[in-house]
Amino acid sequence: MIATIDTLHDMEASLKSAVIDLLYRLADDAIIIGHRGSEWTGFAPILEEDIAFSSMAQDDMGHAQTFYQMLFELGEPDPDTNVFARKLDQWTCAGMVSISSQRDWAMSLVRKYFYDVAASIRLDALAEGALVPLAQLARKLRSEKKYHLMHGTMWIPRLGTGTRESHQLMQSAVDTLYPHALGMFEPTSADLLLEQAGVCPREDELRKRWQAEVENVLCGATLKVDADMSPVFGGRAGKHPKDLMALLDDMQLVYNLDPHAKW
Amino acid sequence: MVIAIDPQLNKLSKEECERHLEVFEGRIARGDKVEPTDWMPEEYRHQLIRLIHVHANSEICGALPEGKWIPHAPSFKRKMALLAKVQDEVGHAQLLYRAAETLGASRQQMIEDLISGKSKFSNVFHYPAEIWTDVAIIAWLIDGAAIVNQTMMSDGSYGPYSRALKRICYEEAFHLKHGYEMVVTIAQGTKKQREMLQDSLDRWWPPIMMFHGPADKVSKHTTMLVQWGVKLKTNDEQRQQFLRQFVPKMLDLGLHIPDPNLRLDEKTGEWLYTEPDWDEFKRVINGGGPVSGDRVATRKLAHEEGRWVREALAAAATNQPVPMPTMTD
Numbered sequence: 002m003i004a005t006i007d008t009l010h011d012m013e014a015s016l017k018s019a020v021i022d023l024l025y026r027l028a029d030d031a032i033i034i035g036h037r038g039s040e041w042t043g044f045a046p047i048l049e050e051d052i053a054f055s056s057m058a059q060d061d062m063g064h065a066q067t068f069y070q071m072l073f074e075l076g077e078p079d080p081d082t083n084v085f086a087r088k089l090d091q092w093t094c095a096g097m098v099s100i101s102s103q104r105d106w107a108m109s110l111v112r113k114y115f116y117d118v119a120a121s122i123r124l125d126a127l128a129e130g131a132l133v134p135l136a137q138l139a140r141k142l143r144s145e146k147k148y149h150l151m152h153g154t155m156w157i158p159r160l161g162t163g164t165r166e167s168h169q170l171m172q173s174a175v176d177t178l179y180p181h182a183l184g185m186f187e188p189t190s191a192d193l194l195l196e197q198a199g200v201c202p203r204e205d206e207l208r209k210r211w212q213a214e215v216e217n218v219l220c221g222a223t224l225k226v227d228a229d230m231s232p233v234f235g236g237r238a239g240k241h242p243k244d245l246m247a248l249l250d251d252m253q254l255v256y257n258l259d260p261h262a263k264w
Numbered sequence: 046m047v048i049a050i051d052p053q054l055n056k057l058s059k060e061e062c063e064r065h066l067e068v069f070e071g072r073i074a075r076g077d078k079v080e081p082t083d084w085m086p087e088e089y090r091h092q093l094i095r096l097i098h099v100h101a102n103s104e105i106c107g108a109l110p111e112g113k114w115i116p117h118a119p120s121f122k123r124k125m126a127l128l129a130k131v132q133d134e135v136g137h138a139q140l141l142y143r144a145a146e147t148l149g150a151s152r153q154q155m156i157e158d159l160i161s162g163k164s165k166f167s168n169v170f171h172y173p174a175e176i177w178t179d180v181a182i183i184a185w186l187i188d189g190a191a192i193v194n195q196t197m198m199s200d201g202s203y204g205p206y207s208r209a210l211k212r213i214c215y216e217e218a219f220h221l222k223h224g225y226e227m228v229v230t231i232a233q234g235t236k237k238q239r240e241m242l243q244d245s246l247d248r249w250w251p252p253i254m255m256f257h258g259p260a261d262k263v264s265k266h267t268t269m270l271v272q273w274g275v276k277l278k279t280n281d282e283q284r285q286q287f288l289r290q291f292v293p294k295m296l297d298l299g300l301h302i303p304d305p306n307l308r309l310d311e312k313t314g315e316w317l318y319t320e321p322d323w324d325e326f327k328r329v330i331n332g333g334g335p336v337s338g339d340r341v342a343t344r345k346l347a348h349e350e351g352r353w354v355r356e357a358l359a360a361a362a363t364n365q366p367v368p369m370p371t372m373t374d
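Going down the list, the protein sequences come from chains A and B. Here the working numbering is used: the first residue of the first sequence is 2, the next is one more, and so on. Here the working numbering is used: the first residue of the second sequence is 46, the next is one more, and so on.
Bound conformation, chain A alone (with noise of 0.2 Å):
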């Protein structure tokens, strides 16, 4: 039976960095996968999938915020200053979200639906962690990524045995979104640490949670999955596509022009 711990402070610093470490790795992801899907705020394809992937996308940006809220009670900088100040090295969110697929929907939404499933189990490992305030957080985000799920599930199907153009675009949309995907699961240093204290199981569990359940969707789908795939890994060292420096450019713009300025 492993102990719980009641609060953010009871931690010894090697267990703290560590989920220093699992936070960014959290918040960065959301962040950025949100900010992909506001890109399609006014260019969807119906009006209802605008507003669909505009509420998705504060609802991710929100998750984000609340974990980099609970970095910045663990002496982390603020989460304005963590999103906006950064630079492209400090960031660890997995090369997957990162890559842009501005203008390609069944990119964005094989992408987002491989994210959300993602999401989803490790926020149901966290609610069962030993981290109390983290198992609390994650309970509450959970009840959200439901819908976010049910959005993927719902869409994968029906585009994937559309017409044949449909499946054509989401088959090319899993070949090529499906190493970076396996990279969400990248090993790190802090994962035996957050395992032994019982706060998180590691990556290559998760990822064979994922799989199970992204392949039988995808199998559904009428959709296929080389399972000679290799994961696509560096994000979470700091090594990223070049598109998230662009995306950071942009995120930044106004920020930059004065960085004590309040707008």
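Hints listed in this document are in silico derivations from the structure and should not be mistaken for laboratory results. As the structure is a prediction and not an experimental result, all values here were calculated from the model. Some hints could be false.
[To be verified] Dumping the calculated DSSO-like pairs for lysine-lysine here, alpha-carbon to alpha-carbon at most 27 Å:
#1 B:Lys237 to A:Lys263
#2 A:Lys263 to B:Lys222
#3 A:Lys88 to B:Lys237
#4 A:Lys263 to B:Lys236
#5 B:Lys237 to A:Lys141
#6 B:Lys122 to A:Lys147
Add chain B to chain A, keeping to what the hints say.
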């Protein structure tokens, strides 16, 4: 004043036409709402479709100037608020296209008319949002001007449009607060920030003064719309209400309003101003504004690139309906 309606257009004899019209106008005079299944003159239906269609187009094109700044919003708070605001505007477009559908217009056709340049959208969205502070001016003053118009229209005679507008106004009130709070924050900021805000106001003021439409003496649609209870105030009355509400607040914030003739006439209580350039207004709403072409091209691109999704959706609905996932808790 009596509005004559055309028996042939309404597929009725002259006598039937007069009888129906009397009942219809009587209901409007009593303040009843006209519902989709009620008899209405074809002229009324046509005017309402035109009006709602332009309004829906304006919401969807209005999402573009502000939407452009979502990726650049300088804090969590602004990023999420701006995203929520623009989402609302797209939601308004959806509500309005649905209201127009109740009159027999098709959404597909309305969107195609927008992207072919056949139907219009509000003059203000033919101008570009060049800097971040434009977003603050748009949310405060354009949403403010829109509330003046839409609150009045929400008491109008057509039920579905009136109810959509009530909901829209409720959300616009939040946009106004969001815009005002941004303007106040920036107005209290650095010299550079205040200069940016003033620059935004200088560029947006002329289009905002045209927002409520041509002066009453030249507006051609007003009479019929007022008679049938669609529009309850004239363009000039709306413009006066906007000026009464906003000019004192702008002056309080230290903003300079770029019109040397703007002043309150103490005797009449009306604001005097330089008459907007109605030739520019006409040119702009007919597609000759600074970014008219870009707005239509963007909507066209979104529509064309989304075609495969809509086709797949239609095919999936007929071939293999996807059941809604069940919620377990």
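Does the structure break any of the earlier hints, and which numbers would those be?
5
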